[in-house]
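Peer 1: Here is how the chains run, residue by residue.
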Amino acid sequence: MTAAEAGPVAAAESDVRVEFEGVDKSYDGRTLVVEDFNLTIRKGEFVTLLGPSGSGKTTILMMLAGFQSPTAGTIRIDGRSVEELPPRKRGIGMVFQNYALFPHMTVGRNLAFPLEVRGLNAEERQERVERALQLVRLEGLEDRRPGQLSGGQQQRVAIARALVFEPDLVLMDEPLGALDRSLREEMQYEIRRIHRELAVTVVYVTHDQQEAMVMSDRIAVLKKGVVEQIAPPEALYEEPERAFVARFIGENNRLHGRVVTVDGDLCEVETGRERIRALRIADCEPGDQVTLSIRPERIAVNPEPGVYGNQVGATIRDLAFLGDHLRVRMDACGREDFIAKIPNIVGHGGILVGDTVRVGWTVTDCRALNHEEKED
Amino acid sequence: MIAPGRERFRALALVLPLLVFILITFIAPLATMLVRSVHDPVVADALPATLASLDGWDGEGLPDEAAYEAIARELVQAREDRTLGQVAGRVNRVQSGLRSVFTRSARSLRDVTEGPWRDALEEIDEAWADPATWHAIRATGQRFTGRHYLNAVDMQRLPDGSVARQPEERRIYLPLLWRTLVVSAVITLLCLLLGYPVAHLIAHAPERRANLLLALVLVPFWTSLLVRTTAWIVLLQTQGVVNDLLVSIGLVGDDGRLAMIYNMTGTIIAMTHVLLPFMVLPLYSVMRAIPGQYMNAAASLGARPAQAFLRVYWPQTLPGVGAGSLLVFILAIGYYITPALVGGSSGQLISNMVAYHMQTSLNWGLAAALGGILLAGVLALYLLYDRLVGIERLSLG
Ligand SMILES: Nc1ncnc2c1ncn2[C@@H]1O[C@H](COP(=O)(O)OP(=O)(O)OP(=O)(O)O)[C@@H](O)[C@H]1O
Ligand SMILES: [Mg+2]
Chain Y
1 MTAAEAGPVA
11 AAESDVRVEF
21 EGVDKSYDGR
31 TLVVEDFNLT
41 IRKGEFVTLL
51 GPSGSGKTTI
61 LMMLAGFQSP
71 TAGTIRIDGR
81 SVEELPPRKR
91 GIGMVFQNYA
101 LFPHMTVGRN
111 LAFPLEVRGL
121 NAEERQERVE
131 RALQLVRLEG
141 LEDRRPGQLS
151 GGQQQRVAIA
161 RALVFEPDLV
171 LMDEPLGALD
181 RSLREEMQYE
191 IRRIHRELAV
201 TVVYVTHDQQ
211 EAMVMSDRIA
221 VLKKGVVEQI
231 APPEALYEEP
241 ERAFVARFIG
251 ENNRLHGRVV
261 TVDGDLCEVE
271 TGRERIRALR
281 IADCEPGDQV
291 TLSIRPERIA
301 VNPEPGVYGN
311 QVGATIRDLA
321 FLGDHLRVRM
331 DACGREDFIA
341 KIPNIVGHGG
351 ILVGDTVRVG
361 WTVTDCRALN
371 HEEKED
Chain B
377 MIAPGRERFR
387 ALALVLPLLV
397 FILITFIAPL
407 ATMLVRSVHD
417 PVVADALPAT
427 LASLDGWDGE
437 GLPDEAAYEA
447 IARELVQARE
457 DRTLGQVAGR
467 VNRVQSGLRS
477 VFTRSARSLR
487 DVTEGPWRDA
497 LEEIDEAWAD
507 PATWHAIRAT
517 GQRFTGRHYL
527 NAVDMQRLPD
537 GSVARQPEER
547 RIYLPLLWRT
557 LVVSAVITLL
567 CLLLGYPVAH
577 LIAHAPERRA
587 NLLLALVLVP
597 FWTSLLVRTT
607 AWIVLLQTQG
617 VVNDLLVSIG
627 LVGDDGRLAM
637 IYNMTGTIIA
647 MTHVLLPFMV
657 LPLYSVMRAI
667 PGQYMNAAAS
677 LGARPAQAFL
687 RVYWPQTLPG
697 VGAGSLLVFI
707 LAIGYYITPA
717 LVGGSSGQLI
727 SNMVAYHMQT
737 SLNWGLAAAL
747 GGILLAGVLA
757 LYLLYDRLVG
767 IERLSLG
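Top to bottom, those sequences are chains Y and B.
Mapped onto our numbering, the consecutive letters of the first sequence carry residue numbers 1 to 376.
Mapped onto our numbering, the consecutive letters of the second sequence carry residue numbers 377 to 773.
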């Protein structure tokens, strides 16, 4: 599957829940914290905004929820522009980063709140509250106050409250940020389960790429308010289109060099002494600076001659056995931190630290991306 | 490693100065005042023999000759000891007119050396033939007495020992106490109504603007109370700024200028202003701890702004509301200087009456009893608050 197939182009009009169209946002009137943001979210889709701190994720969510208004551009929910629509009329369930459970109300009252303000009668409220608690597996905790719950339980209550009034769209802003690792993983699967069961549309925010990979149908990678790439997790990993994405998602080897020749989809890049052939992803011409990206697990050590389009010499600097793979650190292509991962399937050919070896990789596993000066 | 005993001693030594200070400047005067409200030895010390001879008196008719002899000798003695004035003053409070009877009798008795004493005294003043005089002596002669408290709630002890309400025209303290409570409640409410939005504004403004606004709230705090009160006089008097303004925009006629000072209105306006910071600060500190996220959450859950405020924001500010109200109310029922300056005669509160009895009538016992009642009222409020809200949720700035 490619990004284009899963992307907005394929979606039928009626299938669309949320559209961002050319959305800009500036708080101070000078700097844009979100710039030309375009995203179409289909019904039932789980889309994650992923980016480092300050990249504008919360701002985008707040604009969608109605707590901030765009400086330019349009946001549509179910085909309707929401510019004039106050938050309470958008029908969006929201899970806040610090939960925002009302501390003076019991869990039951917290969950009943959105139902009360909608004028549901007591019986119906009770029934829905119970159902929501079942959904997040917190039956029997109605009478506790949020302060008497553990972090994970509070998290579940926050999710239940965002779902109890059966919104079509749920926003979650780093909902697992405050939880410890094992609880995080458990909650990731819980949220996925709930998403599957209810088939709601979810817009999720995180700065944890692994979390984004685990949960999302599609991920929008943001950098300083600009979208770098929007694609399903596999595509982001396998086919990054920007150097930032390649760096941010998973591990990779990055080589800087200058394009020597261009041949259709391919190009040849000079990095120090070597010439490396790569897929031409960035729109580059001979003489341009590019960044080459190669995943460590795609690198073969001492391969059969002629199998791989790229082969270079390397010196082993360090070896680490990590169970499922052997992590090899070496000097290659002018870098001291060139990494290869050798899967623990058939042993690894008796490499020792200090050995001089040849390493190779295919042309299609090597992507020539835009040049990134700084690696911040 | 310091031994625990020594550590405890050091902790004690550190708090000792404050402890002594509080003891001397606060606890001791308070205790003295409370004692004074029930304990008055002046008459008992000055007229011991008289009181002893009255022990056998049944209260009907007049006492026997021995009592007359005793009072005659002790009045002369008191005059020499210069305690006569105090004694006469106390008796006079129970039975008015007796002050002059006592002083005149003491003066005239200098020349009388032997009895019959009853005739001599009755000749000086016929009040001595009135049993009420003797009841007054006996009543004031008790060292420990509830008389001041009875007085303070407009009651009196009749000669037969029963307790009854004062005659209509002499009931002043209960109505005044009631008025003080009502006025304090009104002031508390006004402070809440005026202070709540201000505190909200400050608590949720950007930091720099919040600091500026907070300074504005506190400026009155740093200004002398007298200056502030005088400013209100300038503003509110008949020829003052506010009246001039109202006349010039034609809202009231020149002859219809409003009386806004030297009456209850003046007291309420000036005291609301003085006490406002005591409402704003606790509210502010509570509100600042409420993240704006709660209101966002309420809105995203479908609540209208009014619903979000009433159901989510207001309940969370209740500790501040309670603290501010309690503080303002307690300060208001004991407030003295502002009503004294701008209250005129109709804007006086119970504390002004306490001051009157301390400074003018010198009836310290009654002043102490009024103070004791105020203190009990404040403690009762405090306990009530504790029962309803819990004192640990009290949040003061
Ligand atoms: N209310 C605001 N006023 C002014 N600037 C703001 C405001 N909120 C956010 N910003 C700025 O906008 C930029 C994007 O902030 P945003 O909160 O959207 O980032 P984020 O991606 O959610 O970061 P994080 O992962 O740290 O939550 C930041 O530079 C931030 O300083
Ligand atoms: Mg954020």
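Source of the hints: derived by calculation from the structure; they are not laboratory data.
Any given hint might turn out to be false.
Unchecked claim - Each pair of labels, with its calculated beta carbon distance range: (1) B:L395 to Y:T106: 20 to 30 Å; (2) B:N587 to Y:A178: 24 to 34 Å; (3) Y:G140 to B:L757: 34 to 44 Å; (4) B:G668 to Y:D208: 23 to 33 Å; (5) B:V539 to Y:T106: 29 to 39 Å; (6) Y:A178 to B:V610: 32 to 42 Å; (7) Y:T106 to B:G668: 53 to 63 Å; (8) B:N587 to Y:Y189: 27 to 37 Å; (9) Y:R275 to B:G668: 37 to 47 Å.
It should be emphasised that the depicted structure is a prediction, and the values quoted were computed from it without experimental measurement.
Quick reminder that beta carbons are idealized off the backbone N, C-alpha and C, glycines included.
Peer 1: Under the constraints set out in the numbered hints, which ones does this structure not fulfil?
Peer 2: Of the numbered hints, 1, 5, 6, 7, 8 and 9 do not hold.
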